[in-house]
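Asks: Sequence:
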Amino acid sequence: QRPDLFGCALAHVGVMDMLRFHKFTIGHAWTTDYGCSDKEEEFGWLIKYSPLHNVKRPWEQSFGDNCQYPATMLLTADHDDRVVPLHSLKLLATMQHVLCTSIENSPQTNPIIGRIDRKSGHGAGRPTKKLIDEAADRYSFMSKMLGATWTD
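So for the sequence shown, the UniProt record's numbering puts the first residue at 1; every next one is plus one.
By construction, these hints were calculated from the structure, which means they are not laboratory data.
Don't take every hint at face value.
[Said to hold, decoys possible] Restricting the straight-line Cα-Cα distance to at most 20 Å, the calculated cross-link-like pairs of lysine to aspartate or glutamate (DMTMM-like) are: (1) K48 to D38; (2) K23 to D4; (3) K130 to D65; (4) K23 to D33; (5) K23 to E42; (6) K23 to D80; (7) K119 to D78; (8) K144 to D133; (9) K119 to D80; (10) K129 to D78; (11) K119 to D133.
[Stated by the list, open to error] Simulated restraints, written as ranges between beta carbons of each label pair: (12) D152 to G7: 21 to 29 Å; (13) S62 to T109: 14 to 22 Å; (14) E41 to P111: 34 to 42 Å; (15) A93 to S140: 20 to 28 Å; (16) D33 to S62: 26 to 34 Å; (17) H79 to T151: 33 to 41 Å; (18) F43 to K130: 34 to 42 Å; (19) T128 to F43: 29 to 37 Å; (20) K119 to F63: 37 to 45 Å; (21) A29 to G125: 41 to 49 Å.
In this text, a Cβ means the ideal position worked out from N, Cα and C, and glycines have one as well.
Can you build the whole structure from these sequences, using the hints too?
Replies: Below, the structure is given as structure tokens:
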């Protein structure tokens, strides 16, 4: 709701499609936590905060002509059977389309990228090398996007 407040954002295996999460793998078990879009009243709540359904061009809102989303990295894994990768991939595609390609001269210059871990699931039991590689990518992204300097 306030993209102007952040320098970068990372979302790790997030539930991004709040209207259809219950239709995939174990998502049906989460309806007691989130609600279910099949119910009219709960649909009204879910659509208001579903990340996938609330990607808006900040420069068309009240944030100013040059406002843009912060640099964003969405992280998922290709074999995640809990929060299936389609959540991150759909949000990534939607953000890139709405913010970067749907109008000429878009002020969105901050990167919107995805990191898909191959041959991995939801996270538990991953080899140490994969954990280190992901951490290095996360910290490198944040460092670069925020202009951080590292000291010993």
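Asks: What hints, given by number in increasing order, does this structure fail?
Replies: 2, 3, 19 and 21
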